[in-house]
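Chains A and B supply the protein sequences, listed in that same order.
Residue 13 in my numbering sits at position 13 of the first sequence, with consecutive numbering throughout.
Residue 451 in my numbering sits at position 409 of the second sequence, with consecutive numbering throughout.
Hint data in this document are derived by calculation from the structure and do not stem from the laboratory.
Be aware that one or more of the hints could be misleading.
Straight-line distance between alpha carbons at most 30 Å, and here's what the computed DSSO-like set of lysine-lysine pairs gives [unchecked claim]: (1) B/K232 x B/K251; (2) B/K165 x A/K2; (3) B/K189 x B/K203; (4) A/K2 x B/K194; (5) B/K343 x B/K203; (6) A/K2 x B/K302; (7) A/K2 x B/K189; (8) B/K302 x B/K189; (9) B/K288 x B/K194; (10) B/K165 x B/K251; (11) A/K2 x B/K251; (12) B/K198 x B/K302; (13) B/K165 x B/K232; (14) A/K2 x B/K232; (15) B/K288 x B/K198; (16) B/K343 x B/K194; (17) B/K288 x B/K302; (18) B/K251 x B/K189.
The calculated label-pair distances, taken between Cβ atoms and stated as ranges, are [what the hints assert, rightly or not]: (19) B/L79 x A/S29: 37 to 45 Å; (20) A/S29 x B/A342: 22 to 30 Å; (21) B/F238 x A/Q24: 41 to 49 Å; (22) B/G75 x A/L20: 33 to 41 Å; (23) B/E89 x A/F5: 53 to 61 Å; (24) A/V16 x B/A242: 21 to 29 Å; (25) B/R231 x A/T33: 20 to 28 Å; (26) A/S29 x B/R159: 29 to 37 Å; (27) B/I385 x A/F5: 21 to 29 Å; (28) B/P122 x A/V16: 49 to 57 Å; (29) B/A107 x A/L20: 54 to 62 Å; (30) A/Q24 x B/K343: 31 to 39 Å; (31) A/V16 x B/M395: 31 to 39 Å; (32) A/T23 x B/K232: 42 to 50 Å.
Covered stretches of chain A (chain B as the covering partner; in silico rule of three or more C-beta atoms under 8 Å from a C-beta of chain B) [stated by the list, open to error]: (33) 5-16; (34) 28-41.
Just so we're clear, the structure is a prediction, and the values are computed from it rather than from any experiment.
Glycine included, each C-beta is placed from N, C-alpha and C at the ideal position.
Single-letter residue listing:
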Amino acid sequence: MKSMFAAFFAILAIAVGANLALTQAGFSSQERTSSSAVRLDP
Amino acid sequence: MKRILISLIFTLSFVSSAFAQSTAAPDRNATGGAQTLEDIMARQRGEEVDNSFRSDATGDAARAAEISKQLGTLGGNSDPELWRALRFGSADITASNSGPAAEVLIQDGGMSWLNLRAGPLIKYGGGLLLWVIGLLGLFYLIRGRIKIDGEKTGRKITRFKAAERFSHWLLAGSFLLLGATGLITLMGRKFLIPTFGHEAFSVLAIGSKWIHNNVSWAFIIALVLIFVFWVVDNIPHRTDINWLLKGGGIFSRGHPPAKKFNAGQKLIFWSVIVLGGSISVSGISLLFPFQFEMFAATFAKVNAIGLGTYLGFGELREVLAPHEEMQYAQLWHSVVSFVLMAIILAHIYIGSMGMEGAYDAMGSGEVEEQWAREHHSLWVEEVLGPQVPHAPLSTDKKPVAKAAKKSAAELAKVADAPITFAPTPKKKSKTQSVKLAEVKAKKAAAPKSAKPTATKANAKKTTAAKPKKPASET
Numbered sequence: 001m002k003s004m005f006a007a008f009f010a011i012l013a014i015a016v017g018a019n020l021a022l023t024q025a026g027f028s029s030q031e032r033t034s035s036s037a038v039r040l041d042p
Numbered sequence: 043m044k045r046i047l048i049s050l051i052f053t054l055s056f057v058s059s060a061f062a063q064s065t066a067a068p069d070r071n072a073t074g075g076a077q078t079l080e081d082i083m084a085r086q087r088g089e090e091v092d093n094s095f096r097s098d099a100t101g102d103a104a105r106a107a108e109i110s111k112q113l114g115t116l117g118g119n120s121d122p123e124l125w126r127a128l129r130f131g132s133a134d135i136t137a138s139n140s141g142p143a144a145e146v147l148i149q150d151g152g153m154s155w156l157n158l159r160a161g162p163l164i165k166y167g168g169g170l171l172l173w174v175i176g177l178l179g180l181f182y183l184i185r186g187r188i189k190i191d192g193e194k195t196g197r198k199i200t201r202f203k204a205a206e207r208f209s210h211w212l213l214a215g216s217f218l219l220l221g222a223t224g225l226i227t228l229m230g231r232k233f234l235i236p237t238f239g240h241e242a243f244s245v246l247a248i249g250s251k252w253i254h255n256n257v258s259w260a261f262i263i264a265l266v267l268i269f270v271f272w273v274v275d276n277i278p279h280r281t282d283i284n285w286l287l288k289g290g291g292i293f294s295r296g297h298p299p300a301k302k303f304n305a306g307q308k309l310i311f312w313s314v315i316v317l318g319g320s321i322s323v324s325g326i327s328l329l330f331p332f333q334f335e336m337f338a339a340t341f342a343k344v345n346a347i348g349l350g351t352y353l354g355f356g357e358l359r360e361v362l363a364p365h366e367e368m369q370y371a372q373l374w375h376s377v378v379s380f381v382l383m384a385i386i387l388a389h390i391y392i393g394s395m396g397m398e399g400a401y402d403a404m405g406s407g408e409v410e411e412q413w414a415r416e417h418h419s420l421w422v423e424e425v426l427g428p429q430v431p432h433a434p435l436s437t438d439k440k441p442v443a444k445a446a447k448k449s450a451a452e453l454a455k456v457a458d459a460p461i462t463f464a465p466t467p468k469k470k471s472k473t474q475s476v477k478l479a480e481v482k483a484k485k486a487a488a489p490k491s492a493k494p495t496a497t498k499a500n501a502k503k504t505t506a507a508k509p510k511k512p513a514s515e516t
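Take these sequences, add in the hints, and give me the full structure.
Structure representation (structure tokens):
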């Protein structure tokens, strides 16, 4: 059971990490499809 | 290669819009070259209509009037010609936003994709899952839980190490999340919005998207891990044929001999690897939109080997709009996921409520020895060596007979040995010592006058004993 819970925790950690990494790397749709001339955020 | 071939077969079922046109051009003189009533009626009947008479009629810039003249501002094109150019993707577009899709203002194939996604994909994909769930329920009613036939020994054998179980649960947990969020994304518009409303579904959809996009990496990592851990034990073996011919003993009382993984488990493993790999590839192409053009390249290969013509689909279009690449990727991603979900439903059933003792393999990693002997007799022989006292109940007589012969000889030797047994690690392996201790314990326990005290402690050790080599090799 420890392995199972460790794996579930790892899923969470990987998901959060992937989100941070991809956001930092500039792979969000906003960054990929808009330019500085487009203001999406208020 | 196999994945590519499978992908082609599935892909070909979605390419109705990509078929080559072979019908003879009708007479359109009466309409001055524009579409006729027959064209419209044919389209409404669902027939393929050659649209080249429209897609090519986008004006002629060489014959354009000067820009200062009437009609000159459109570069020689009339409004209908301009709209046709936009619709069929031949207009010269300059967009202020970036990305290849930005220059496609009208994507004609989008409607057929949307209809396919909202209709048959949900209908047949969801139907497949419900059908499998119903079939498993029926199977449970008929067959019941597959129990351990023989008497439990109370001893455990280590079946999966912690790292293997971690990888399995990493894959399983991520797959469940991806499956659930994928179904919400696909079916939410049809089933959830009418029930919960747009606002509630919006929250659910945004959450599902975040989970689906980010948990996917855990799935991909786990897929690589389980491949590394288990590929060797999942290479097909001749015993798999016997196992399959006997249907895995599901409807009989016997258990065909199997190694660490039986043929059914191997089918699950390779399904997960091949289909999961394909889902991962199409998923990555969806995560990074318009970066990978997989289907145009695949269609070109299909045309090159003549597979489309052979199957009656004709030549497939090798130039696809950026959106079409994504639409094919989404359809492929969904179809393969439905197939894998159906397979995994059966796997979950047999690994939990369907079979007594099976869950322990991934729960604690320690399985009941009797369970292992019944379902993976050859693996147990590899790990512990053949034994008479806990002989498997397999109806397959050959391996049992072999095991009985060997074990009988060993038992006879042990029976003559002095009762004051002590392991002799110099000559015997740990496995053999433990095994002999067990046999002696049985022997000592049988007559009441015997002294079992010397062997109890050793017998308990079996729980943790998992020798690297079979005893027969020492």
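Hint-by-hint comparison with the structure:
1. B/K232 x B/K251: Given pair B/K232, B/K251 holds - Cα atoms ~17 Å apart, limit 30 Å.
2. B/K165 x A/K2: Answer violated: B/K165 to A/K2 is near 39 Å, above 30 Å.
3. B/K189 x B/K203: At roughly 24 Å apart (the allowed maximum being 30 Å), B/K203 and B/K189 satisfy the hint.
4. A/K2 x B/K194: Within the cut-off at roughly 25 Å; holds.
5. B/K343 x B/K203: violated, 43 Å
6. A/K2 x B/K302: Roughly 23 Å between the alpha carbons, so the hint for A/K2 and B/K302 holds.
7. A/K2 x B/K189: holds, 26 Å
8. B/K302 x B/K189: Answer holds: B/K302 to B/K189 is near 19 Å, not above 30 Å.
9. B/K288 x B/K194: Given that 30 Å is the threshold and the Cα spacing comes to 24 Å, the pair holds.
10. B/K165 x B/K251: holds, 22 Å
11. A/K2 x B/K251: Distance of about 28 Å is within 30 Å: holds.
12. B/K198 x B/K302: holds, 15 Å
13. B/K165 x B/K232: holds, 11 Å
14. A/K2 x B/K232: violated, 39 Å
15. B/K288 x B/K198: Distance ~27 Å between B/K288 and B/K198 Cα, so the pair holds.
16. B/K343 x B/K194: At roughly 56 Å apart (the allowed maximum being 30 Å), B/K194 and B/K343 break the hint.
17. B/K288 x B/K302: holds, 18 Å
18. B/K251 x B/K189: violated, 41 Å
19. B/L79 x A/S29: 37 to 45 Å: holds, 44 Å
20. A/S29 x B/A342: 22 to 30 Å: holds, 29 Å
21. B/F238 x A/Q24: 41 to 49 Å: violated, 34 Å
22. B/G75 x A/L20: 33 to 41 Å: violated, 58 Å
23. B/E89 x A/F5: 53 to 61 Å: holds, 58 Å
24. A/V16 x B/A242: 21 to 29 Å: holds, 25 Å
25. B/R231 x A/T33: 20 to 28 Å: With a Cβ separation near 23 Å, B/R231 and A/T33 satisfy 20 to 28 Å, so the hint holds.
26. A/S29 x B/R159: 29 to 37 Å: With Cβ atoms ~20 Å apart, the hint is violated.
27. B/I385 x A/F5: 21 to 29 Å: holds, 26 Å
28. B/P122 x A/V16: 49 to 57 Å: holds, 53 Å
29. B/A107 x A/L20: 54 to 62 Å: holds, 57 Å
30. A/Q24 x B/K343: 31 to 39 Å: Distance hint for A/Q24, B/K343 holds at roughly 37 Å.
31. A/V16 x B/M395: 31 to 39 Å: The hint (31 to 39 Å, Cβ to Cβ) holds, given that A/V16 and B/M395 are roughly 33 Å apart.
32. A/T23 x B/K232: 42 to 50 Å: violated, 31 Å
33. 5-16: holds (count 8)
34. 28-41: holds (count 7)
In this structure, the hints that do not hold are numbers 2, 5, 14, 16, 18, 21, 22, 26 and 32, in rising order.
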